[in-house]
Amino acid sequence: MRGLHIEHPGPRATVQDGGRTGFQHQGLSPGGAADLRAWRWANHLLDNPSDAACLEITLGGLSAVAETRLLLAISGAPCSPSVNGTPVPDWGTLFMEPGDRLQLKTPTSELLTYLAVVGGWQTRKFLGSRSAVAREGLDNLGVLRQGDLLPSPPGPDQEACDELLLRQVPPSFRAPLANSADALKLIPGPDHALFDTMDLARLVQSEYQVTSQSDRMGYRLDGPALRPPGGITSRGVTCGTVQVPGDGKPMVLLNDRQTIGGYPVPATVPRLDCSRLAQCRPGDSVRFRWADVAECQAERMVFEEQLRSFTWSPEGHLLRRSG
Amino acid sequence: MAAALPQPRIVPTAEDAVLIEFSQQIDPALTPLIAAWSDSLREALGHLVTDLVPSYGSITVYYDPDRSDFLNIIRSLKSISNILPELSDQPTGRIIELPVWYHPAVGPDLAALAEARQLSTQQVAKIHSDTCYQVYALGFSPGFGFMGQVDPAIATPRLERPRVRIPAGSVGIANRQTAVYPAVSPGGWQLIGRCPVRLFDEQSLALLSVGDRVRFRAVGHDEFLELGGDDTPFEGAGEQP
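Just so you know, the protein sequences line up as chains E and Z, in that order. Residue 1 is where the first sequence starts when you use the numbering used here, and the numbers rise one by one after that. Residue 1001 is where the second sequence starts when you use the numbering used here, and the numbers rise one by one after that.
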């Protein structure tokens, strides 16, 4: 078998692509890579299709042995990756011969690290996606276990290795950390007008802490409570929907969320900021600021354009595509 | 018959989603219209829409923000909405019959509910299976359909503390809604029986759709087993929730 043999998956590792779209009306959670930016860069480093499946590794700790020659890319939370003990770059490509061992330490900051392979990991596809939503209990679409083999496509040939091997993503292209001065954006949500204006003001003037009740389904935050208005019936919820349950503490829904929810929604965090939030650990602080849909769509377009327009020179320098 | 449809609110709720909301209330009469709207929108905007989630009084439309923007989507939705109110409000969904073995062994809350309402367990089963339920929404887990309205005589709130593990097929009540758990999961609905039919599998996907109507049919133990039901007694049957 071709691929990567998982000796130890670390605290939690799942296969994720862009998610399972088109089936939310049946109650299927879309799942998908929680840090859209890091996941896209990992694939971009290998000239992969943009939707290729990567391994999403929580808090590092992974140890794996190559069954065959593998050309991989790594991005996201920096966890001092090494191959047979020799350090390799945090946001770059790496090569493994059969029998080589890749080891990731616990990241010094952030949470999620992405591991891509040329052509994408070939785990089971269900309804167009390889994304694992662990709680849905679908066969072979769950959390990676010790002894699993991550199947890889054939290749890479020598030419691809020569072309891809020196690539790295410079720090300036990565997302600012969520706990920096750069606040997470909030699009006014469907129940914005039902909330108390003082509560809404506190939402953007206060610090909120990430609690330990945070995972791929959603992040529960601790900070000033908002009084939730009543009388909402369940409706579709998106990645980034901010729910305010009875205790008034906001919860930001992420990729593995349920498809509908009945708590009032004062705001929605846009997708690229969800990516930053998903990199936070319990205890990290975040701040919010209001933004409108147009600003968030523009940011998303700029990100897509950046991926389209930048590639690497044979020496591994990131440069703007000519023409 | 022409539909008397409230003019919906159409607002962007995320950079990739627009909400079409008719009502904040649970209204069984609205569901056929929501289902019909969903079908029409899917047909008209299928090339732009990535997901379309009907629920109670609303439809959430998801789109790819790399291929369209919210002004374009809202404009499309508004122009389509001008022609949609002509839709019939006659129920369009299928009628699906679901067999249920109403028994304390698999419905750990059945006896207490019957006692509290001074009914026999058979009467609770009859009241539950006499109503034709509307499927309002799917969610919580794949194939989980929220249905109503449950007769007030047997309507009962969710448990204070949800159970950690509920067997697949469990039939529950939460206030005036009822549902069948498609798979093993945690849950807080009060359980009165078990259904042998699978509500979700990977080949045929979800059995129920929003707009379908469901009629439960009380079956005995033998028929329950013949239909493939698992009569393993509920493990926490004696526990105090």
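None of these hints come from the bench; they were simulated from the model. Any given hint might turn out to be false.
Looking from chain E toward chain Z, a few residues come up when the C-beta cut is under 10 Å (computed) [as the list claims (entries may be wrong)]:
no., residue
1, THR21
2, ASN48
3, SER80
4, VAL83
5, ALA134
6, GLY137
7, GLU207
8, ILE232
9, SER234
10, ARG235
11, LEU272
12, ALA294
13, MET301
14, PHE310
15, PRO314
For lysine to any residue, the following SDA-like pairs were computed, each having C-alpha atoms within a straight-line distance of at most 25 Å [as the list claims (entries may be wrong)]:
no., chain 1, residue 1, chain 2, residue 2
16, Z, LYS1078, E, PRO89
17, E, LYS125, Z, ALA1183
18, E, LYS249, Z, ALA1183
19, Z, LYS1078, E, ALA291
20, Z, LYS1078, Z, ASP1027
21, E, LYS125, Z, PRO1157
22, Z, LYS1078, E, LYS105
23, E, LYS249, Z, ARG1158
24, E, LYS105, E, GLY137
25, E, LYS249, Z, ASP1027
26, Z, LYS1078, E, SER80
27, Z, LYS1078, E, GLY22
28, E, LYS125, Z, ASP1027
C-beta atoms are modelled at their ideal positions from N, C-alpha and C, and glycine is treated no differently.
Cross-check of the supplied hints:
{"no.": "1", "hint": "THR21", "in the structure": "holds (5 Å)"}
{"no.": "2", "hint": "ASN48", "in the structure": "violated (17 Å)"}
{"no.": "3", "hint": "SER80", "in the structure": "violated (34 Å)"}
{"no.": "4", "hint": "VAL83", "in the structure": "violated (35 Å)"}
{"no.": "5", "hint": "ALA134", "in the structure": "violated (12 Å)"}
{"no.": "6", "hint": "GLY137", "in the structure": "holds (6 Å)"}
{"no.": "7", "hint": "GLU207", "in the structure": "violated (24 Å)"}
{"no.": "8", "hint": "ILE232", "in the structure": "holds (6 Å)"}
{"no.": "9", "hint": "SER234", "in the structure": "holds (6 Å)"}
{"no.": "10", "hint": "ARG235", "in the structure": "holds (4 Å)"}
{"no.": "11", "hint": "LEU272", "in the structure": "holds (9 Å)"}
{"no.": "12", "hint": "ALA294", "in the structure": "holds (8 Å)"}
{"no.": "13", "hint": "MET301", "in the structure": "holds (7 Å)"}
{"no.": "14", "hint": "PHE310", "in the structure": "violated (17 Å)"}
{"no.": "15", "hint": "PRO314", "in the structure": "violated (29 Å)"}
{"no.": "16", "hint": "LYS1078/Z x PRO89/E", "in the structure": "violated (50 Å)"}
{"no.": "17", "hint": "LYS125/E x ALA1183/Z", "in the structure": "holds (21 Å)"}
{"no.": "18", "hint": "LYS249/E x ALA1183/Z", "in the structure": "violated (30 Å)"}
{"no.": "19", "hint": "LYS1078/Z x ALA291/E", "in the structure": "holds (24 Å)"}
{"no.": "20", "hint": "LYS1078/Z x ASP1027/Z", "in the structure": "holds (23 Å)"}
{"no.": "21", "hint": "LYS125/E x PRO1157/Z", "in the structure": "violated (39 Å)"}
{"no.": "22", "hint": "LYS1078/Z x LYS105/E", "in the structure": "violated (52 Å)"}
{"no.": "23", "hint": "LYS249/E x ARG1158/Z", "in the structure": "holds (22 Å)"}
{"no.": "24", "hint": "LYS105/E x GLY137/E", "in the structure": "violated (29 Å)"}
{"no.": "25", "hint": "LYS249/E x ASP1027/Z", "in the structure": "violated (29 Å)"}
{"no.": "26", "hint": "LYS1078/Z x SER80/E", "in the structure": "violated (52 Å)"}
{"no.": "27", "hint": "LYS1078/Z x GLY22/E", "in the structure": "holds (22 Å)"}
{"no.": "28", "hint": "LYS125/E x ASP1027/Z", "in the structure": "violated (38 Å)"}
When held up to the earlier numbered hints, the structure conflicts with 2, 3, 4, 5, 7, 14, 15, 16, 18, 21, 22, 24, 25, 26 and 28 and fits the remainder.
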